[in-house]
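Colleague: Chain order of the listed sequences is D and A. Heads up: the first sequence is residues 1 to 371, going by the numbering used here. Heads up: the second sequence is residues 1 to 344, going by the numbering used here.
If you're looking for bench data, these hints aren't it; they were derived computationally from the structure. Certain hints may be false.
[As the list claims (entries may be wrong)] In silico DSS-like cross-links for lysine-lysine, where the CA-CA straight-line distance does not exceed 25 Å: (1) A:178 / D:274; (2) D:88 / A:178; (3) A:40 / D:229; (4) D:164 / D:114.
Bear in mind that the values here come from a model prediction, so they are computed numbers and not experimental data.
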Amino acid sequence: MHKVNIIYIAKVATVIVIQLLLISVSSALTITDSAGNAVEIEKAERIVCLNGDCLEAIIILGEKDRIVGLGTYALQKPFSPNLPDVGKWSDPNFEAIVSLNPDIVITYVQWPEKEKLEEKLRGTGIKVVRLDFYKINTIFDEFIILGKILGKEERAREIAEYWKSQLELIKSRTEKLERVKVYWESYSEYSAAGGGTGWNEIILIAGGENVFGNESGYPKVDAEKIIAKNPEVLIKSVSSSVFQPYRANNTSKIAEFYEKLLSRPEINQTQAGKSGKVYAICTDMLHGTFGLIAETAYVAKLLHPEEFSDLEPRELHRKYIESLGMEFTGIWIYPELPAERKDKNEKRAPGFEAILAVLTVAIVLALRRKT
Amino acid sequence: MIAYKTALFKFPLYTFIILLPFIIAVFSAGIGYLRIPPEKVAGSIFRQIQAAFLGYDGEMTTTDVVIIQIRLPRIILAGVVGCSLAVCGAVLQSLFRNPLVEPYILGISSGAAFGAALAIGLGLFSGSVQSLAFLFGIISVFLAYSMAKTGGEVPVVNLVLAGIIVSALFTALTSLVKFFVDPHQLAGIVYWIMGSFSHASWSSLASITPPIIACLLLIMAMSWRLNVLSLSDEEAKALGVKVNRERFVFLSLSTFMTACAVSISGIIGWVGLLIPHIVRLSFGSDSRTVIPVSASLGASFMILADDIARSAFSFELPISVLTTILGAPVFMFLVRRRARRVWL
């Protein structure tokens with residue numbers, strides 16, 4: 001009996017050891033994406049990104065070279081590599097994806113529907129990972145999941161921790177502050193950012209109260225309702241075609257746009273208009289991945305200038321844009337924030353002081369000679 | 001020609017109908033999301049008139065701004081647009097001898113939608129949306145008309161077919177633009193196509209009201225010819241009317257009116273079909289009556305519909321949805337009651 005038992009145990013043990021060895025050798029990683037699907041990932045050397053947000057995330061992690069195909073809108077981003085087009089993120093071209101022979105496809109949680117993607121890709125061995133990268137509440141976890149997939153978990157944690165700490169800093173202060181009433185208008189005139197939108201989320205974190213937060217989506221409002229809601233701050237989203245933020249010194253187009261905005265009859269009747277707290281913001285290179293935190297910082301500063309006098313949203317924005325491999329130039333918010341103006345004066349000041357110093361020295365010397 | 005007699009008998013009724021939009025407009029100035037009591041409404045309007053004539057120049061209060069800068073232009077725009085769509089519908093129904101014709105039959109709405117989509121999609125200069133919508137509205141009707149023209153004649157059937165073709169073409173082109181633009185601009189295009197008066201301002205009114213009123217007066221002055229045109233082509237010719245030329249004149253006038261209206265307010269359906277129809281069912285089909293009564297009722301109806309659109313909820317309802325929901329039951333009631341009456 002004893003002998004049999006020992007042999008049996010030995011057999012079982014060897015089987016377990018072999019199995020363990022096999023698992024460690026194949027090293028298949030199983031992650032749970034934001035849609036709640038468990039995805040087994042064997043390798044992630046060739047990646048297709050259906051949207052600009054996951055493209056940003058991968059670039060920030062420094063793994064741009066693994067991307068082999070991009071969605072149509074992602075290709076329009078100024079930092080986008082030149083790669084084959086796989087169609088819109090909402091309706092991708094299945095054949096284009098398969099022909100690129102990728103290991104994984106990364107897409108949003110909601111779009112495209114399963115029937116349009118997973119079910120078509122079944123049997124091809126291509127894995128679909130659903131991660132949003134545009135929601136401030138889930139972005140940090142998603143970034144770490146991406147790190148695991150790309151085998152750079154530690155770096156991903158480091159980056160996510162940095163941005164999370166910046167966000168926590170803002171949150172910890174705004175929680176105690178009185179809420180400021182905000183009207184945030186999206187790209188179309190009189191189309192408000194309502195509840196459930198990314199901008200609503202940002203207003204809340206930045207210590208504001210969205211005056212149209214009770215309506216969902218992007219409700220159409222009119223001048224009279226804006227007066228009735230009487231916002232204390234007005235923020236207008238402007239696309240980069242109007243803002244031209246990459247042209248550092250050309251403000252003529254945005255200034256003209258801003259003048260037109262102010263000439264709308266309701267603006268001057270609101271608290272925001274009367275106190276001059278009407279801002280145009282270019283959200284094209286801000287409203288994605290960690291740009292969301294820079295955006296939140298800008299908004300927090302707009303809403304609570306005194307409490308956030310030490311916060312430099314522009315520095316966060318710079319960090320974000322530079323992490324995408326681009327140069328940070330231009331004007332992204334108009335009129336510029338008070339601290340930024342001070343910043344410029346300081347930069348100008350040394351030159352001015354130097355000229356003054358040279359002049360005084362020259363005058364003193366001239367006077368000495370005469371005497 | 002019974003209308004001659006009825007016109008005399010119904011004089012007080014007609015006076016009331018003509019004044020109706022103005023009465024509704026005055027009451028509408030007091031309706032809105034902000035509650036402003038009637039005496040304050042009257043006060044701001046009075047002060048504004050005083051300012052215009054006596055040069056009184058004071059600070060405008062919030063109430064003044066809401067009444068003068070926001071509500072009044074919007075109410076007047078709704079009235080002008082409702083009036084032009086209804087008149088255009090009435091003219092085209094006579095011209096096509098068909099009660100199911102609406103102002104958009106020759107593709108003007110699809111053309112205008114394409115123009116607007118193009119302007120929004122390309123992000124052109126400010127005001128380009130209105131100009132391109134107007135331009136393409138006119139172009140689409142011109143295309144349909146030249147397509148329908150065969151050997152100097154412009155038969156009605158050809159016009160209807162050409163209208164369908166042009167509509168289909170521009171609808172496809174609009175879809176193409178929608179497909180290529182990014183989602184922010186897509187929202188703008190969708191909003192524009194749904195129609196709205198929220199962009200109303202005195203300056204937009206100043207650009208469209210004079211041409212619309214001019215067209216309206218011309219159509220009214222020539223409305224007796226419309227009666228002749230609603231006969232068959234042979235009968236009209238026998239009466240000595242140059243059918244093709246007259247048809248061209250009326251088409252141009254009504255197209256111009258609709259293009260003006262659509263370029264500012266977007267596409268608002270149903271009014272151009274509903275109002276002339278109701279008028280014909282209740283007042284007979286003499287164009288000399290139908291045109292002014294349609295103008296007046298169209299304006300009144302649109303102002304009322306917009307009152308609901310802008311004040312019922314804290315967001316704005318699409319005006320096209322409202323015109324249909326309000327109009328359909330009225331229409332159904334009238335059609336059922338007067339079912340036996342012969343049309344035209």
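Colleague: If a hint holds in the structure, say so; if it doesn't, say that too.
Modeller: Right, here's what the structure says about each hint:
no., hint, result
1, A:178 / D:274, "38 Å, violated"
2, D:88 / A:178, "13 Å, holds"
3, A:40 / D:229, "20 Å, holds"
4, D:164 / D:114, "31 Å, violated"
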